[in-house]
Amino acid sequence: MPRGFVRTTALGYLLIVLVGPLSMLFWRVYAEGLGKAWTALSDPDTVHAFKVTVILAGIAVPLNTIFGVICGLAIVRKRFPGKGIVNAFVDLPLALSPVVVGLALYLLYGRTGWFGPWFTSHHIQILFSLPAMLLATVFVSVPFVAREVVPTLREIGDEQEQAARTLGASGWQTFWRVTLPSIRWAVIYGVVLTTARCLGEYGAVAVVSGMIQGRTETATLRVQEEYENLNQAGAYGISLALAGIAIVVLVLMTVLRPKEAAA
Amino acid sequence: MSISVQHVTKRFGDFVALDDVSLEVASGSLTALLGPSGSGKSTLLRVIAGLERGDSGTVGIADEDMTGRSPQDRGVGFVFQHYAAFKHMTVHDNIAFGLKIRKQSRAAIDKRVNELLALVQLEGLAKRYPAQLSGGQRQRMGLARALAVDPKVLLLDEPFGALDARVRTELRAWLRRLHDETHTTTVIVTHDQEEALEVADEVVVMNRGHIEQIAPPRELYDHPANEFVMSFVGSANRFGDGWVRPHDVEVTLDPGEETREALVQRVVHVGFEVRAELVRDDGVALNVQLGRDEAERLELAEGQIVWVRPTRETVFATQSG
Chain Z
1 MPRGFVRTTA
11 LGYLLIVLVG
21 PLSMLFWRVY
31 AEGLGKAWTA
41 LSDPDTVHAF
51 KVTVILAGIA
61 VPLNTIFGVI
71 CGLAIVRKRF
81 PGKGIVNAFV
91 DLPLALSPVV
101 VGLALYLLYG
111 RTGWFGPWFT
121 SHHIQILFSL
131 PAMLLATVFV
141 SVPFVAREVV
151 PTLREIGDEQ
161 EQAARTLGAS
171 GWQTFWRVTL
181 PSIRWAVIYG
191 VVLTTARCLG
201 EYGAVAVVSG
211 MIQGRTETAT
221 LRVQEEYENL
231 NQAGAYGISL
241 ALAGIAIVVL
251 VLMTVLRPKE
261 AAA
Chain C
1 MSISVQHVTK
11 RFGDFVALDD
21 VSLEVASGSL
31 TALLGPSGSG
41 KSTLLRVIAG
51 LERGDSGTVG
61 IADEDMTGRS
71 PQDRGVGFVF
81 QHYAAFKHMT
91 VHDNIAFGLK
101 IRKQSRAAID
111 KRVNELLALV
121 QLEGLAKRYP
131 AQLSGGQRQR
141 MGLARALAVD
151 PKVLLLDEPF
161 GALDARVRTE
171 LRAWLRRLHD
181 ETHTTTVIVT
191 HDQEEALEVA
201 DEVVVMNRGH
211 IEQIAPPREL
221 YDHPANEFVM
231 SFVGSANRFG
241 DGWVRPHDVE
251 VTLDPGEETR
261 EALVQRVVHV
271 GFEVRAELVR
281 DDGVALNVQL
291 GRDEAERLEL
301 AEGQIVWVRP
311 TRETVFATQS
321 G
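From first to last, the protein sequence lines stand for chains Z and C.
Heads up, the first sequence is in the working numbering, so the first residue is 1 and it goes up one at a time.
Heads up, the second sequence is in the working numbering, so the first residue is 1 and it goes up one at a time.
If you are wondering where the hints come from, they were derived from the structure by calculation, not from laboratory data.
C-beta: ideal position from N, C-alpha, C; glycine also.
A few of these clues could be false.
Derived BS3-like pairs (lysine-lysine); straight-line CA-CA distance at most 30 Å [to be verified]:
#1 Z:Lys83 to C:Lys111
#2 Z:Lys78 to C:Lys111
#3 C:Lys111 to C:Lys152
#4 C:Lys87 to C:Lys127
#5 Z:Lys78 to C:Lys127
#6 C:Lys127 to C:Lys111
#7 C:Lys127 to C:Lys152
#8 C:Lys100 to C:Lys127
#9 Z:Lys36 to Z:Lys51
Calculated Cβ distances over 10 Å to all of chain C for the following chain Z residues [stated by the list, open to error]:
#10 Ile156
#11 Gln173
#12 Val178
#13 Gln232
#14 Gly244
#15 Ile245
With beta-carbon atoms standing in for the labels, derived distance ranges [stated by the list, open to error]:
#16 C:Glu194 to Z:Gly157: 25 to 33 Å
#17 Z:Lys78 to C:His7: 26 to 34 Å
#18 C:Glu123 to Z:Met253: 33 to 41 Å
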């Protein structure tokens, strides 16, 4: 290959595919006027939409982090019947279209679904409210922590854990003092990916939320709403805010990550 | 403190790693478990440590039954072939691990860690991470970590197997000196017969999940119990019904009583020692070991015809090795 081919191709590809659209977003916000964008962002419905997004991510991310680490440990360290099924199911949300996930939840908790009638008779609202949106968000963001943790656990092996046991550590002490610190970067990276997925989820949440303004709208759903209502400045403003969050998270990751772990 | 293994059997699927093995290790001794890979020696060590559970049989340490206990309650120090260093901790924290688990005071921990750093000659490296150490240094850290908790017994699983030959020899001698100072009952697993003979008081030769012989190094070499031990510990030539060590073959230029004709195929000089590969007139291959002076006197060279006679032959009662 000619000199610089790899570097040029990689950079060029990223520029066209990623940086181009993002720059356009910045440019349009600027062109439409920063004032308009700010007005859209400070709209009570938009503020509420960001709150909903934060609540959903705030519950789904810790839940899937704990579950992801447990799943990773089960897949790598334990032998049990049905392990192959666990391994395959963890990946299911990656293969399944989010709209299908939304529809499945809709059917399950709807009037004729398995769980729907029970909740209705106990006056618990699932569909078109936060619980269903949370279920959808949790579903689509299941794989990321487990997928990051599994290869790292395989790579470090279990000798360090055995050493800890012979030195008198209990199972819990071994986990907190040896296993978790060894996989911490995989966990953190998984958390970042999970967070990104939670912030960005559209399809699954859209189907079960009913997209009621000021009530069951997430920031991502709000972008679509504003765009359809021809409030383009608002749509761009919210998009930019979401992109800004993503960039801040990535920069923090890069700064915090120690050099030895990057190698 | 003593170790007592009684009738331990361990299977991995269809593979029988340990087949009704019993072993007594005397308090304060340094015992080597020697055998080819797959002989069950590492499994036996891991069963003693509680890292594997035997399917049947019992394990006792210091006259206490440990069979059902988890490794954390057995009070053993274990050293791994690939170090098993805690990569995210400094040398100091690695060594202090067991003491912190035992909730000792900070001052007591620091004192003990400093003693151990001196013992394993790693002073000044306390703040380094394992990745910044050489293999030999990492293994000495592993030893210090295992010794920190004053284990009842010290178990080493091929501890020098991943190191280069020179460091291995150094650490071997150093381990022997360490044992002479501390007298901690020590069991070392190795596939290297030279290591076992050099370092141990007592050698346990294992093969296919069985113990073939338990003896001090010299007795093992001079009086092997069977053909397996004869051929595995030191090299040996088959000579008719018996076995002969390469240095127990007399080579002469003229035929004599009980001599046989042989052709020199290859001569290798290893320092002061000369090794020759011969083929006897009946087609049997023979390895011979001579002093350099003797080889020069014979003017030993490839293609030469010599006469050989075993000076010391071992014949085992008929049994399959």
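Status of each hint after checking the structure:
| no. | hint | verdict |
| --- | --- | --- |
| 1 | Z:Lys83 to C:Lys111 | 47 Å, violated |
| 2 | Z:Lys78 to C:Lys111 | 39 Å, violated |
| 3 | C:Lys111 to C:Lys152 | 21 Å, holds |
| 4 | C:Lys87 to C:Lys127 | 13 Å, holds |
| 5 | Z:Lys78 to C:Lys127 | 35 Å, violated |
| 6 | C:Lys127 to C:Lys111 | 15 Å, holds |
| 7 | C:Lys127 to C:Lys152 | 28 Å, holds |
| 8 | C:Lys100 to C:Lys127 | 17 Å, holds |
| 9 | Z:Lys36 to Z:Lys51 | 21 Å, holds |
| 10 | Ile156 | 8 Å, violated |
| 11 | Gln173 | 6 Å, violated |
| 12 | Val178 | 6 Å, violated |
| 13 | Gln232 | 50 Å, holds |
| 14 | Gly244 | 33 Å, holds |
| 15 | Ile245 | 30 Å, holds |
| 16 | C:Glu194 to Z:Gly157: 25 to 33 Å | 29 Å, holds |
| 17 | Z:Lys78 to C:His7: 26 to 34 Å | 29 Å, holds |
| 18 | C:Glu123 to Z:Met253: 33 to 41 Å | 38 Å, holds |
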